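A.B. asks: Here is how the chains run, residue by residue.
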Amino acid sequence: MLSPYAMRQSLPQRRLSAKLVSLDLGATARMTIALFAVTALQTILVRLPRVGFLFEYVDFVLILTVFVGVQPRALRAALVGMAGGLLQDLILGILYGANGFVKMLIGYTLAAASVKFSLDSKVTRLLVLPLASVTNTGLFAFFLYFFLMLPPGATFRDVVRIGMVSLLGNGVAGLLLFPVADRWLGKWVAVRSNDDPIAPRAF
Amino acid sequence: MSGLPPPLQKLDPARRVVLLVAGLLLAQFLLMSLHARARSLGQSLPRTIVLTALQPLQKAADAAVTSLVAVWSGYVDLRGVYVANQRLREENDRLRLALVEREREALDGRRLRELLALKQAAPSPTVVANVIAGDGTPWFRQVTLDKGALDGVLVNAPVVTPQGVVGRVVAVGPTAAIVQTIADGQAGLGATLAVSRVNGELRGQNQPLCRLDNISGLTEVSEGEMALTSGLDGVYPKGLIIGVVEAVERGSGAGLHRILVRPSAPLERLEEVAILPPTVRVAVSDAPRASSPAKPPSK
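Chains as they are written, first to last, in the working numbering: chain A, 1 to 203; chain B, 1 to 299.
Among these hints, one or two may not hold up.
Going by beta-carbon spacing under 8 Å, a handful of chain B positions derived as facing chain A [to be verified]:
#, residue
1, 24
2, 155
3, 277
4, 279
Reference listing, derived: stretches of chain A covered by chain B, where coverage requires no fewer than 3 residues with Cβ under 8 Å from a Cβ of chain B [to be verified]:
#, region
5, 95-105
6, 170-184
Simulated from the structure, these hints should not be mistaken for lab results.
What you are looking at is a predicted structure, and each value in this text was computed from that prediction instead of being measured.
Glycine included, each C-beta is placed from N, C-alpha and C at the ideal position.
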């Protein structure tokens with residue numbers, strides 16, 4: 001006579017429906033979809049009535065860059081930041097390369113720092129995000145100023161105001177989005193112990 | 001790694017990554033420099049591809065959001081008032097349009113146009129489009145429309161609502177177009193005050209109110225006065241409603257007024273807009289010379 005455990009094992013497993021809907025996507029595909037999704041999300045949420053203007057101060061691509069950047073894989077973080085930033089630049093059409101440059105720099109710097117300091121924890125990445133947000137606003141404003149693209153009449157005070165509000169916006173959004181990113185991308189982004197931290201393999 | 005040049009093969013992977021990242025950063029800096037010099041890059045192939053790729057996603061999301069908001073507004077929140085409000089708004093829009101027509105006829109009559117003898121462009125059909133996305137940053141005020149080159153939308157086409165001017169098309173993809181609204185910090189257009197008939201320059205400030213520059217302190221300007229497009233910018237046709245003067249900080253005899261104008265179009269909650277055919281720029285060399293009789297030779 002079979003034991004209850006063996007009987008249960010002999011029954012057909014009911015995982016078929018779950019397998020039918022799960023897509024076996026690799027890291028690159030997931031990251032590309034995520035980049036397109038967050039870039040589109042950014043432009044859609046600002047149209048929400050009454051609360052839409054709040055999303056002007058949330059940079060989803062930056063949050064994704066920080067999420068990848070706290071892992072010690074520099075090239076991957078740099079490429080994700082660059083791709084996301086360039087997508088934003090193409091949508092905005094004001095200064096191609098500005099967002100790409102800034103986010104690539106942030107991604108690379110974070111990943112290079114996380115080789116020496118462990119940044120990949122739920123708390124540290126939330127602490128790193130405001131810092132990245134301020135850097136993002138400051139450098140982007142600098143490039144607009146440098147290439148004479150800053151809106152006429154915009155003052156240093158405006159830049160500080162946008163930087164501070166973005167810091168808050170990105171912080172709150174990061175609090176909500178990091179768990180989602182963990183679920184969707186965490187397994188693919190996490191660095192294994194035998195990986196070379198700054199290896200040229202992007203993904 | 002055998003494909004790499006010999007000097008790079010000697011480097012360890014970490015240094016190669018640093019070199020690659022530095023190269024990409026430099027390339028992007030050069031791209032910025034190039035774009036800052038050549039503004040025509042705004043209508044580039046990569047941008048067209050991205051706009052086209054994102055358009056279905058944005059359109060679907062906007063439709064979902066609009067439906068949800070409409071359901072909430074129409075059936076849950078103030079049902080009867082909403083319907084009546086909609087009817088009154090439509091009537092108001094119709095009356096505003098009629099008012100604009102009358103003002104245009106009164107202010108810039110056909111006789112003046114004939115005197116100017118400007119060549120009129122062949123009238124193209126006006127395209128009605130939905131706003132499906134914003135630009136997502138606090139730095140600029142742009143919106144994305146769900147109509148593009150396939151529908152006949154052209155760069156520099158003025159975009160209006162029944163209430164007033166929205167902005168102009170700055171980039172066009174096959175199925176989407178980007179509009180720079182008049183509230184954008186880099187937007188500017190020629191404006192005329194309806195009563196005092198002086199011309200100025202309206203500039204966006206990335207805020208709800210726009211600034212009207214270059215109005216002499218000697219001109220009498222009052223709050224509530226209507227600002228219309230002057231047509232001098234070569235983009236917007238003359239006589240469209242821009243907005244009303246919200247505040248005037250009086251200038252002295254030598255100083256200029258500081259005037260704030262509230263746009264009449266609901267720029268923060270745009271839904272449907274009309275894209276007019278682009279205004280034809282008339283260069284001085286194009287102007288017909290028949291009106292100025294040629295002097296007979298002195299001899």
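A.B. asks: Are the hints correct? Go through all of them and say.
C.D. replies: To see whether the hints hold, each was checked on the structure:
no.: 1; hint: 24; result: 6 Å, holds
no.: 2; hint: 155; result: 11 Å, violated
no.: 3; hint: 277; result: 22 Å, violated
no.: 4; hint: 279; result: 22 Å, violated
no.: 5; hint: 95-105; result: holds (count 8)
no.: 6; hint: 170-184; result: violated (count 0)
Of the hints listed earlier, those the structure fails to meet are numbers 2, 3, 4, 6, in rising order.
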